[in-house]
Amino acid sequence: MALNRDFVGRTYPSSTSYEVARVKIREFAAAIGDHNPIYRDPEAAKAAGHPDVVAPPTFPIVFSLSGAGEALADPELGLDFAMVVHGEQRFEYERPIYAGDELLCTSTITEIRSVGRNELLTVTSEVTTLQGEPVCKTYNTIIERGGAA
Amino acid sequence: MTATVKYDEVEIGHAIPAAEYAVHRVNLVMYAGASGDFNPIHWNERFAKAVGLPDVIAHGMFTMAEAGRFVTDWAGDPGAVLDFGVRFSSMVVVPDNEDGAVITVSGVVEEKLDDNRVIVALTARSGDSRVLSKARATVRLA
Chain A
1 MALNRDFVGR
11 TYPSSTSYEV
21 ARVKIREFAA
31 AIGDHNPIYR
41 DPEAAKAAGH
51 PDVVAPPTFP
61 IVFSLSGAGE
71 ALADPELGLD
81 FAMVVHGEQR
91 FEYERPIYAG
101 DELLCTSTIT
111 EIRSVGRNEL
121 LTVTSEVTTL
131 QGEPVCKTYN
141 TIIERGGAA
Chain B
1 MTATVKYDEV
11 EIGHAIPAAE
21 YAVHRVNLVM
31 YAGASGDFNP
41 IHWNERFAKA
51 VGLPDVIAHG
61 MFTMAEAGRF
71 VTDWAGDPGA
81 VLDFGVRFSS
91 MVVVPDNEDG
101 AVITVSGVVE
111 EKLDDNRVIV
121 ALTARSGDSR
131 VLSKARATVR
141 LA
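Here the protein sequences line up with chains A and B, keeping their order.
Taken in order, the first sequence gives residues 1 to 149; the numbers are from full-length UniProt numbering.
Taken in order, the second sequence gives residues 1 to 142; the numbers are from full-length UniProt numbering.
The following block holds chain A by itself, in its conformation from the complex (with noise of 0.2 Å):
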């Protein structure tokens, strides 16, 4: 089924920040197989130049979609979860993510159009912290397989 157009530029806040925590960076490292002490020993990152252990590139995924969660599983949108596979992904950081930042994230729906007979939808997020410094940009691109169809 076509995906309705009418969620293009909605904007989704997230309802609370994400706190970073030393432990989930530790888990999604052991998750990816990086060994980097960087992920793990807070004084190895400190001696690297960090203030605390640092994200993997990809870690803003855990939290990035939250806000958009609810609009993509709203049957008004007609997403078929069972059909969707990732198209594109990508992260711009202003800086690097670190154990202890609690950050907001609001997701807007920028695109939904058609490629053959798949639907693809973008959500592009802003992560910033509570006080609203920028920290990185993310764009999510996903495709229902056959969904134009």
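Where hints are given, some of them may not hold.
Derived pair list, reagent style BS3-like, types lysine-lysine, alpha-carbon separation capped at 30 Å [what the hints assert, rightly or not]:
1) K137(A) / K134(B)
2) K137(A) / K49(B)
3) K6(B) / K134(B)
4) K112(B) / K46(A)
5) K49(B) / K134(B)
6) K134(B) / K112(B)
7) K46(A) / K6(B)
8) K112(B) / K6(B)
9) K24(A) / K137(A)
10) K6(B) / K137(A)
11) K46(A) / K137(A)
12) K24(A) / K46(A)
No lab work stands behind these hints: they were computed from the structure.
Fair warning: this is a prediction, and the values are worked out from it, not measured in the lab.
Got chain A; can you put chain B on it based on the hints?
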């Protein structure tokens, strides 16, 4: 935060040696838990086949994370990655056996920018397929 690779010592066309990353079902289960993406196509063979996939497939983000690991291992500092984007061009099929799948990542310095930044073009393959396309990382070197 400082990369260990020096900008002045890297030329356009510099090839970063390929690395191989093994993927077994357990890695996808761990990634599901760590990322919060519990889509059953990444752990349930019955479900994956029912929706027309050849078998369980890796999370695209798992593949991207391995490509990211390749870049941060080269640069020497995860904080040196300023921009990282990929297109998922093919699936990494992960069979339920001892071999699992292998993702092979390689990279080439494609462009040198100001402020000690370089653009690394990444190639990721699994089996006969190129699993990422348009994969680029902008990295600030020392």
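Cross-check of the supplied hints:
1. K137(A) / K134(B): 18 Å, holds
2. K137(A) / K49(B): Violated: K137(A) and K49(B) sit about 35 Å apart, past 30 Å.
3. K6(B) / K134(B): 25 Å, holds
4. K112(B) / K46(A): Holds, at roughly 28 Å.
5. K49(B) / K134(B): Roughly 28 Å between the alpha carbons, so the hint for K49(B) and K134(B) holds.
6. K134(B) / K112(B): This hinted pair holds, its Cα atoms lying about 17 Å apart.
7. K46(A) / K6(B): 20 Å, holds
8. K112(B) / K6(B): Holds: K112(B) and K6(B) sit about 12 Å apart, inside 30 Å.
9. K24(A) / K137(A): 20 Å, holds
10. K6(B) / K137(A): 27 Å, holds
11. K46(A) / K137(A): It holds: about 25 Å lies between the C-alpha atoms, which stays within 30 Å.
12. K24(A) / K46(A): 18 Å, holds
Going through the hint list in order, the structure does not satisfy hint 2, though it satisfies all others.
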